[in-house]
Structure formats: C-alpha cells, structure tokens
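Student: Once you have looked at the hints, place chain B with the ligands on chain A.
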Amino acid sequence: MDSFEYHRPSTQKQASLLLTSSPRAHVVSGNTDLLGEMKQGLVHPESLVSLADVEGMKVFHINGNESKLGSMVTLSDIVDSKYLKVNFPALVEAAASVATPQIRSIGTLGGNLCQRPRCWYYRSPLFDCLKKGGNKCFAVGGLDKYHSIIGGEKCWIVHPSDIAVALTALDAKVKIFGPSGYKNMKIDDFFVGPGIDIHNENVLKEGEFVSSIEISCDDKSSSTFLKFKERQSMDFALASAAVSISLAEGKIHRAGVALGGIAPIPWRLQEIEEYMMGIPIDDLRCSDEFSAKVESSLGDAKPMSENNAYKIDLAISHLKRALDKVIQDLC
Amino acid sequence: MPAKTYVQTTINGEHVDFLCEPRQSLLECLRDEIGLTGTKEGCNDGNCGACTVNIDGRIVTSCLVLGVEAEGADIETIEGVADGSNLHPLQLAFLENAALQCGICTPGFIISSKALLEQNPNPSEHEIRFWLANNLCRCTGYDKIVRAVQDAAKRLQEA
Ligand SMILES: Cc1cc2nc3c(=O)[nH]c(=O)nc-3n(C[C@H](O)[C@H](O)[C@H](O)COP(=O)(O)OP(=O)(O)OC[C@H]3O[C@@H](n4cnc5c(N)ncnc54)[C@H](O)[C@@H]3O)c2cc1C
Ligand code: SF4
Ligand code: FES
Ligand code: FES
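First to last, the sequence lines map onto chains A and B.
With numbering that gives the first Met the number 0 applied, the first sequence covers 0 to 330.
With numbering that gives the first Met the number 0 applied, the second sequence covers 0 to 158.
These aren't lab readings, by the way, just hints derived from the structure by calculation.
Bear in mind that the values here come from a model prediction, so they are computed numbers and not experimental data.
Hints may contain errors.
[To be verified] For the chain A half of the interface with chain B, some residues (derived, Cβ under 10 Å), not all of them:
1) F3
2) Y5
3) S9
4) K12
5) G29
6) N30
7) T31
8) D32
9) M37
10) Q101
11) S104
12) G106
13) R115
14) Q231
Quick reminder that beta carbons are idealized off the backbone N, C-alpha and C, glycines included.
Here chain A stands alone, though its shape is the one from the complex (with noise of 0.2 Å):
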C-alpha cells in the first residue's frame, strides 16, 4: 500500500478544505471499507482525511417524529437504538443485516451509504474494467451471478448498501457539506446509475461528504427490511426489499417501496407507492389487484443472463414478505 498523509480535523469547513486540497484526497469514516480498497491498490490516496473528530457528526437528534443522524453514527448504534427500533425498524433491521459486530462497530452510516460496489471485477486489480476507465466490462457475457437485473447501463453493478434500500423506502433527506455550505436533498437524488456516471455510484463532488441523514415518521407507521444472503453468517444481499407505510384515518397516505441487490442504485418502486395511496389497509390485504401488480413489478427487469435471472424471483418474493409484515403490523 502506498504512503498517505492522514489528517483529523475538527470541522467540516476543514474537512472540506482539506478535501479540495489535493485530488487525491479521500474522506474516511470507519474506514472498513476504504482500506481495503487501499490495500488492492484500487484507489492511491494522497491523503485521508478523517471525519471521527469532526464536531457533530456522530449527532443522535430526535424531534417529535423526526430524526437527525450524523453520517458518524456507526451501524452498532443504530442497531442498538431503542427509539430507532420502535420507529424506523426497517433502518435497525438493514444495519443489523450488514456484516458483523466486528465491522458494524466501526462501520458508520455515511462510509455505508458512499462504500464502493463489491462487482469482484471491480474488486480485483487484475481487471481495469469500465468503472475503473477501462474499456470493457469484464461481467459483461463474464460471471453474472451477482449483478443487476435492472437500471444497468454498460456497467451492471449492484449498490452493497443494505442501509441505502432501508433509507430509500423510508424517504430520508441526504444533508451534505461541502465548499459552499450545507445542500440538502432526497435519497432518491443522491445515488446515480451507471448511465449518469459510470465512475461514482453518488453526486457528491469534489469536497463534499456526507454529513447527516433526516428521516421522518408518522403517528401510525410501520416498516421493515428483509434481505437474503447466500452465506448466512454474513454476506451482501442477493436480493433485499424495504417497505415503510404510514396511515392517516385508515388509509395510507405515505408509501415508500424499494429493492436492493438487483440494481445500480436503490430501486424504488414508484407505481406500486403509487397504486397504495389513499386505499384503506384492510382493502389492500384482500386485493387481487394489488397483488398482481407487485408479481409484476419487476416486469422491466433484464437480467443479463440466466444465471442472474433468479432475482426476479428472489426479489419479488421479499418484496412480498415485507409488505404482509408491514400490512399486518398496521391492521
């Protein structure tokens, strides 16, 4: 591995600063995911600068329904969190899915949101494939079985965030820092596919991070992740889905509908959000209509070869799960 400089600021305008410094420096949270890219030599950084001592970060802040996390949060505090399991289980059951208490301990909310794909071509320094600007993708008529059966363009990653699917059903807002001040925005705003940029999975730029996550809820909600993985003790998802509904009178009047492990990015599944607004929970359970639509949901789907075609099946399966969990909680 090559040197580097580290540096451990006590700002986020320093932090900043620092990042605009050198293009090669790389902001560093937990780190368990940036060092091992280190160590493949998949990224040189001239400098790391580090965001544990930066005032702020590791915010923990409820107001009434909403919630502030700082981007320094590690996924054990999440997991941990009493409040947070009472009312975003969906987001305590994704941090919970990842890994394990070794690296949930370290492992933070914004290094988990902005960690690299896990594409083994990507991973290997032995394949300088598109994403690492070369010109091929070596997954392409390569081995498959782990990429996206959706939204992949030229490249056909799949996002590693189990949070990112959790946050994706739960509409939280991405707070970033940067070199000119805060900027705010939807989940939905933050991730890019392939398509947009084949280099980065997100719209930060240059100098800016992460710095919290805001997430709602209302009086009566409910929500839930659940993830499949191939080897059980720990793994990325094969395929995972997340639902949040909240109620007002009876009906829905906030649906949130998203699929990991099959796409670039966290997939939302808009018409099926769309199609619940405003009908009566107990109408939904029964509704040969509704449960048409989630069988079909995934009909756009092109796996890129029959050995990823199984998440499909996969996928729609969870997505069925979670929604008669989520259903049954609120009835």
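Tutor: Chain B with the ligands only, in chain A's frame:
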C-alpha cells in the same frame, strides 16, 4: 522514508505509545511495532476475524483499523485476557472442550466471546452463533467452539 506518527494508547491496561506510518494497520502495529503477536492475521480484509481486538468496549477487526486511528483508544488483545498465569474461564473452556486445533482463529474467538459474555452473560446458542459470525475457523467445525462459550458462560456465572 515517510514520516511516522506518534500514537498514544492503552493496551491491556498499560499505557503504550508507538510510532507508525499512517498506512500501517493496527494489526501490523500490534504485531510488528509493539511485539504483541497473539493477535493473528488471516485474510487482512475484514472477513475472518483472526485479528479481532476490543477497542473501547467494542470488538473490531484490527486489520481494518489504521494504527493512527487508534489514538487515545483503550485496546484489549488476547495477551490481556489471562490474569498472569491464571487462564480466563473462556481460555480454560476452549482447552477443555477441544475448541481449537491449529489455533490461529482462537485469539479472535476468545476476544469476541469475551465481549459477548460481558454484555450478555447467558447467551443462547443462536445468540452465540450470531455474534461469532465474523470469526472463521477452518478446523473445528464450530460446534466445539459454541459449546466452549456455553461452558465458559456457566463457569463465569458460577464464579
Ligand atoms: C467483511 C465485510 C462485510 C460487509 N458486509 C456488508 C453488508 O452485508 N451490507 C452492507 O451494506 N455493507 C457491508 N459491508 C460494507 C460495510 O458495511 C461498509 O463498509 C461500512 O458501513 C462502511 O462504513 P465505513 O464508515 O467503514 O466507511 P469507509 O470505509 O470509511 O468509507 C467508505 C467509502 O465512503 C466514503 N465515505 C466515507 N464517509 C463518507 C461521508 N460521510 N461522505 C461521503 N463519502 C464518505 C469513503 O471515501 C469511501 O470511499 C461489509 C464490509 C466488509 C469488510
Ligand atoms: S459491472 Fe461495472 S464494476 Fe463490474 S466489471 Fe462491469 S463495469 Fe466493472
Ligand atoms: S485478518 Fe482481519 S478479519 Fe481477517
Ligand atoms: S482452530 Fe484452526 S482455524 Fe480454528
């Protein structure tokens, strides 16, 4: 030669200062700079748990922590588990239940299990297996390890 950074920590209850390059992992610092070779290297990428140490009450894979990131940390390694020549109940239970063969995974398993029993003195088999998800063993087949942790939990509760 790149500049070295001065890092101050507490390791197994003692104040330990060391010099390291920013690119050295805590695992390398423990083994190569400080001479604590009880912590093992397996995969070097966070998968096997052989390098597990406890930092500020939480277990971590020390191959995914930089030495410089340990500034100010309170670290427990396998060398700090026994009380002089008196083995910890977990160590005794591992020996008596034949929960090791080659032994390379054992320091990691002991550090992880110790943290579990400190938080949850009477874990179920499921909780033990869930907690030890990041500790791989290629020799024992895990059953003996799980039994050793259950045995240690009993010993610690009786003590
Ligand atoms: C063995 C293993 C198993 C894993 N299993 C899973 C899994 O099942 N599910 C899952 O979701 N993840 C998994 N991961 C990934 C791990 O969860 C994430 O690596 C972790 O949450 C990342 O957090 P971190 O703070 O360590 O990130 P870091 O390693 O510090 O950073 C990751 C990336 O994000 C950038 N970054 C960090 N913080 C910010 C910020 N605030 N703003 C902008 N960019 C930032 C860094 O530059 C880097 O590129 C696994 C990792 C390992 C090693
Ligand atoms: S899927 Fe993307 S990251 Fe993987 S080999 Fe193809 S271009 Fe590279
Ligand atoms: S050596 Fe650190 S997890 Fe394997
Ligand atoms: S005893 Fe050999 S790897 Fe566990």
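Student: Need the list of violated hint numbers for this structure, in ascending order.
Tutor: Those not satisfied are hints 3, 4 and 13.
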